[in-house]
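**Student:** The lines below spell out each chain.
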Amino acid sequence: MTTVSAYSLRELAQQLDLELIGDPAAIVTGIATLEKAIPGQLSFFHNPLYHSQLLTTHASAVILSREYAAVCPVACLVATNPYLAYAKASILFSPVPPERAGSHASAQVHATTRIANTAILEANVVVGVNTFIGENVRVGANSVIGSGCYLADDTKLYPNVTFYDDVKIGKRGIVHSGSVIGSDGFGFAFDGTRYHKIAQLGGVTLGDDVEIGAGTSIDRGALDDTVVEDGVKIDNQVQIAHNVRVGANTVVCGCSAIAGSSTIGKNCIIAGGVGVINHVTICDGVTVTAMSLVNQSITKPGVYSSGTGLSESASWKKNIVRFRQLDELWKRLLRLEKSK
Amino acid sequence: MTTVSAYSLRELAQQLDLELIGDPAAIVTGIATLEKAIPGQLSFFHNPLYHSQLLTTHASAVILSREYAAVCPVACLVATNPYLAYAKASILFSPVPPERAGSHASAQVHATTRIANTAILEANVVVGVNTFIGENVRVGANSVIGSGCYLADDTKLYPNVTFYDDVKIGKRGIVHSGSVIGSDGFGFAFDGTRYHKIAQLGGVTLGDDVEIGAGTSIDRGALDDTVVEDGVKIDNQVQIAHNVRVGANTVVCGCSAIAGSSTIGKNCIIAGGVGVINHVTICDGVTVTAMSLVNQSITKPGVYSSGTGLSESASWKKNIVRFRQLDELWKRLLRLEKSK
Amino acid sequence: MTTVSAYSLRELAQQLDLELIGDPAAIVTGIATLEKAIPGQLSFFHNPLYHSQLLTTHASAVILSREYAAVCPVACLVATNPYLAYAKASILFSPVPPERAGSHASAQVHATTRIANTAILEANVVVGVNTFIGENVRVGANSVIGSGCYLADDTKLYPNVTFYDDVKIGKRGIVHSGSVIGSDGFGFAFDGTRYHKIAQLGGVTLGDDVEIGAGTSIDRGALDDTVVEDGVKIDNQVQIAHNVRVGANTVVCGCSAIAGSSTIGKNCIIAGGVGVINHVTICDGVTVTAMSLVNQSITKPGVYSSGTGLSESASWKKNIVRFRQLDELWKRLLRLEKSK
Numbered sequence: 001m002t003t004v005s006a007y008s009l010r011e012l013a014q015q016l017d018l019e020l021i022g023d024p025a026a027i028v029t030g031i032a033t034l035e036k037a038i039p040g041q042l043s044f045f046h047n048p049l050y051h052s053q054l055l056t057t058h059a060s061a062v063i064l065s066r067e068y069a070a071v072c073p074v075a076c077l078v079a080t081n082p083y084l085a086y087a088k089a090s091i092l093f094s095p096v097p098p099e100r101a102g103s104h105a106s107a108q109v110h111a112t113t114r115i116a117n118t119a120i121l122e123a124n125v126v127v128g129v130n131t132f133i134g135e136n137v138r139v140g141a142n143s144v145i146g147s148g149c150y151l152a153d154d155t156k157l158y159p160n161v162t163f164y165d166d167v168k169i170g171k172r173g174i175v176h177s178g179s180v181i182g183s184d185g186f187g188f189a190f191d192g193t194r195y196h197k198i199a200q201l202g203g204v205t206l207g208d209d210v211e212i213g214a215g216t217s218i219d220r221g222a223l224d225d226t227v228v229e230d231g232v233k234i235d236n237q238v239q240i241a242h243n244v245r246v247g248a249n250t251v252v253c254g255c256s257a258i259a260g261s262s263t264i265g266k267n268c269i270i271a272g273g274v275g276v277i278n279h280v281t282i283c284d285g286v287t288v289t290a291m292s293l294v295n296q297s298i299t300k301p302g303v304y305s306s307g308t309g310l311s312e313s314a315s316w317k318k319n320i321v322r323f324r325q326l327d328e329l330w331k332r333l334l335r336l337e338k339s340k
Numbered sequence: 001m002t003t004v005s006a007y008s009l010r011e012l013a014q015q016l017d018l019e020l021i022g023d024p025a026a027i028v029t030g031i032a033t034l035e036k037a038i039p040g041q042l043s044f045f046h047n048p049l050y051h052s053q054l055l056t057t058h059a060s061a062v063i064l065s066r067e068y069a070a071v072c073p074v075a076c077l078v079a080t081n082p083y084l085a086y087a088k089a090s091i092l093f094s095p096v097p098p099e100r101a102g103s104h105a106s107a108q109v110h111a112t113t114r115i116a117n118t119a120i121l122e123a124n125v126v127v128g129v130n131t132f133i134g135e136n137v138r139v140g141a142n143s144v145i146g147s148g149c150y151l152a153d154d155t156k157l158y159p160n161v162t163f164y165d166d167v168k169i170g171k172r173g174i175v176h177s178g179s180v181i182g183s184d185g186f187g188f189a190f191d192g193t194r195y196h197k198i199a200q201l202g203g204v205t206l207g208d209d210v211e212i213g214a215g216t217s218i219d220r221g222a223l224d225d226t227v228v229e230d231g232v233k234i235d236n237q238v239q240i241a242h243n244v245r246v247g248a249n250t251v252v253c254g255c256s257a258i259a260g261s262s263t264i265g266k267n268c269i270i271a272g273g274v275g276v277i278n279h280v281t282i283c284d285g286v287t288v289t290a291m292s293l294v295n296q297s298i299t300k301p302g303v304y305s306s307g308t309g310l311s312e313s314a315s316w317k318k319n320i321v322r323f324r325q326l327d328e329l330w331k332r333l334l335r336l337e338k339s340k
Numbered sequence: 001m002t003t004v005s006a007y008s009l010r011e012l013a014q015q016l017d018l019e020l021i022g023d024p025a026a027i028v029t030g031i032a033t034l035e036k037a038i039p040g041q042l043s044f045f046h047n048p049l050y051h052s053q054l055l056t057t058h059a060s061a062v063i064l065s066r067e068y069a070a071v072c073p074v075a076c077l078v079a080t081n082p083y084l085a086y087a088k089a090s091i092l093f094s095p096v097p098p099e100r101a102g103s104h105a106s107a108q109v110h111a112t113t114r115i116a117n118t119a120i121l122e123a124n125v126v127v128g129v130n131t132f133i134g135e136n137v138r139v140g141a142n143s144v145i146g147s148g149c150y151l152a153d154d155t156k157l158y159p160n161v162t163f164y165d166d167v168k169i170g171k172r173g174i175v176h177s178g179s180v181i182g183s184d185g186f187g188f189a190f191d192g193t194r195y196h197k198i199a200q201l202g203g204v205t206l207g208d209d210v211e212i213g214a215g216t217s218i219d220r221g222a223l224d225d226t227v228v229e230d231g232v233k234i235d236n237q238v239q240i241a242h243n244v245r246v247g248a249n250t251v252v253c254g255c256s257a258i259a260g261s262s263t264i265g266k267n268c269i270i271a272g273g274v275g276v277i278n279h280v281t282i283c284d285g286v287t288v289t290a291m292s293l294v295n296q297s298i299t300k301p302g303v304y305s306s307g308t309g310l311s312e313s314a315s316w317k318k319n320i321v322r323f324r325q326l327d328e329l330w331k332r333l334l335r336l337e338k339s340k
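Residue numbers (the working numbering), protein chains in the order written: chain G, 1 to 340; chain F, 1 to 340; chain D, 1 to 340.
Next comes chain G alone, as it looks inside the complex:
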């Protein structure tokens, strides 16, 4: 944590491909909000709500769009999309872990598993049979990787991650702690008295540039694989059931759950706490708002919701009584209309 990244504004402008207005030799060593930035730090401005903070910032330089350059009191890095430029700048200021490549002495790796020279297995990592771990992969301490897995180059698993057997993840993947990939799908056959387990014989395939949040679970398929396509971003505490397919560049926010064999299209946004029942299909370009239940397929791009919105409980209690009488209410209204 003693590592400090220092860049001149000239270097930043070059690396981020932005126009610089100001002293190219000035040095910044960190990034902060407009309000909290101190001299020597970079900031960014993309939300008009914070306009007054731009005018009084103590940052040494601000990433912003051209129209605000004139009012900025300090050096400017001019960007077409300042938020995107901030994202790229933030990566430059990420701390770099100090450890060198190689496996910690306590890591347990089966003899049949191939691990690239540049990969890092931290302490107490356990890896099964016939798994492949690519270049610059890092597996966090106390993580367990099963057999027949494939971790492509530049993928990072944080500590305490579990991959069951037959899990594949593409390049530049990120998997946060506590996540479980490849656990058994929830499949049983009922004999009239009790449930018999259906062995879950498929695996999980995650594409390139996939990020999986903390405490998220993705079940293996019953026969075919559960699939998460390239560029999908999944937040914390999400549940992806067996044989789900999540389309490319879709975002699934925290605590959402996708039930078995459902398909989410590409470029969708599934907000937090959303449920999707099993065997439905959501087309490309759909947004579902927070805590909605998708209980049918969606065939038209757009924004979808369920729920009632928040009320004070006293009035809410009266209204939910009326909700249970809605059909009756409607019919009585129809009678009134007819009787006129």
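Just so you know, these hints were derived from the structure itself, not from any lab.
Any given hint might turn out to be false.
Repeated chains share a single entry, so a pair holds when one copy, or any two copies, can fit it.
[To be verified] EDC-like, lysine to aspartate or glutamate: derived pairs with alpha carbons at most 20 Å apart:
1) 36 to 224
2) 318 to 328
3) 197 to 224
4) 197 to 17
5) 36 to 225
6) 266 to 284
7) 197 to 153
8) 331 to 225
9) 338 to 328
10) 300 to 312
Since the structure is predicted, the reported quantities are computational estimates derived from the model, not experimental observations.
Keeping the supplied structure of chain G fixed, place chains F and D upon it in accordance with the hints.
**Tutor:** Then chains F and D, alone, in the frame of chain G:
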């Protein structure tokens, strides 16, 4: 993962107790859907929606009910309940882990703990004081088992499972990765200013044939045990609070939460994302649909729901305004009726 | 688990600062409910629902308020707040872990990290660079603590906990298994085609007397810290997103989720399964009932709810059709009123 299970159709018919129509010497080495199966694979047909796939399947044999045997283009295994027969067949094709019994050298087991000879403790497993681990139990890598626990015969814990002290699990249990059994119930006493912890002195008792999904938590009881009866199947990311009782052969789907001291009957189906408030009782034979809130006891078997169903957000926004006026709307309707 | 805590009633009365009515030399060795207590056990009475159990209890002594002392058939410990006195008594009967201070031989600690002499690191714990671990801290087996962390005195982490870098927790903290503190906030910038990760450069600051349940995740801030103030109690499977602030002595029940940059006031009760959308503020003293969605800021203390309440599915299905027509229904009612 190089293990291949190969069975002649004669063997399958015998082991599954099914009638064979076709060449008893034909060999199958895997199981797949009707659509994806290739020669040498077994498939199954139980959902009339896939009838056309049955007619064109490349599987070597299909499990089906008698009425479809005539139209099946390949060998048939005739079953009264084809889905149940598929479940049993799937187990035959499960990969068999290669490791032998015994504890990995890195496992840390207290001297007072008894472990059956046929049990397997994988790498970095830690076990506390006075715990008992039965025959053919397998504890996955990096799992931690507390003191005073009991793991009955043939139970399997996947990697990174945590059992606190005083957790008992019956025979043939399955616990998936990331699950935590026996964590403290959420109990506090408020003194008017701040909360004082109530020590959670009970344990957790799980019956025989219980399966617990990935990332699920089951809290220990405050004084008595939290209890999950025989044959209960719990999916991923479920929360079972202290002193809950879940009745035999009940299914709890992903992301559901049962609050403290509530009782779920036998043979219930709690769908995904359901919440059950504290201190309620649900009788036997109840189904609760996805993302419903059970905010009162249920005394009659049947199907129960809450929520509004999905709408496009534009119309939904108008309707939730009206929801907040429902009681007023009802009263105005009554006035209209009276004024006629 | 063979440890038995034994107290005379005199000792209990002194330690809990309660008035004793009964034999001060009588010994109790455990605590149980009125119904289940056997001679030699302590019980408590605070809920009038259990009045008949008080009259027939076999406990050796009961904690209760003065008004019930006359009807209590056994010794009494008289308390102003019997539930609070029970909480304090329960701590006295908690099992005491037998292990001594120090790090297990298998723990991996970076040379720069300082660990108090009285702290305990259990088996396979991994600790990063420049972390500080205070007096009487206990870190459970297979937990991983990152770099730059600070664990204040008397804090306890159960097994399989993960702290990323830059996580601070105050005194007397409790963190249950499977929890992940400091994982990346869910921040991306969209370039019109795909998402670019925003490095999450803040940390997490947890106050004194904070308890975090099993399987809960708290993300690090984007630039500033995510903050949980003193005395906050968070249950299992809760998701706290980046840059959230949770005010002192607030309770967040199981499976709730607070989205990014939202602020919860002090002394709030967030019931189970609640969602709070991003960038909202909830004032002090708010209660939100189970499975409600807070989709706007709350500026007035009180109780808030959303949802419809539970119905039998058959009638519910009719009513949700009408819910989608609510705005139309309302307009037709207005027309009727006008036409009178």
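**Student:** Each hint: holds or not?
**Tutor:** Going down the list of hints, with the structure as the test:
1. 36 to 224: Answer is between; shortest inter-copy Cα gap is 9 Å, intra-copy 51 Å.
2. 318 to 328: both (16 Å within a copy, 9 Å between copies)
3. 197 to 224: within (17 Å within a copy, 30 Å between copies)
4. 197 to 17: between (56 Å within a copy, 17 Å between copies)
5. 36 to 225: between (47 Å within a copy, 12 Å between copies)
6. 266 to 284: within (5 Å within a copy, 41 Å between copies)
7. 197 to 153: Answer is between: at 18 Å across copies they meet the 20 Å cutoff, but 36 Å inside does not.
8. 331 to 225: neither (48 Å within a copy, 50 Å between copies)
9. 338 to 328: both (15 Å within a copy, 16 Å between copies)
10. 300 to 312: between (34 Å within a copy, 10 Å between copies)
Figure legend: structure checked against the earlier numbered hints; the only hint not met is number 8.
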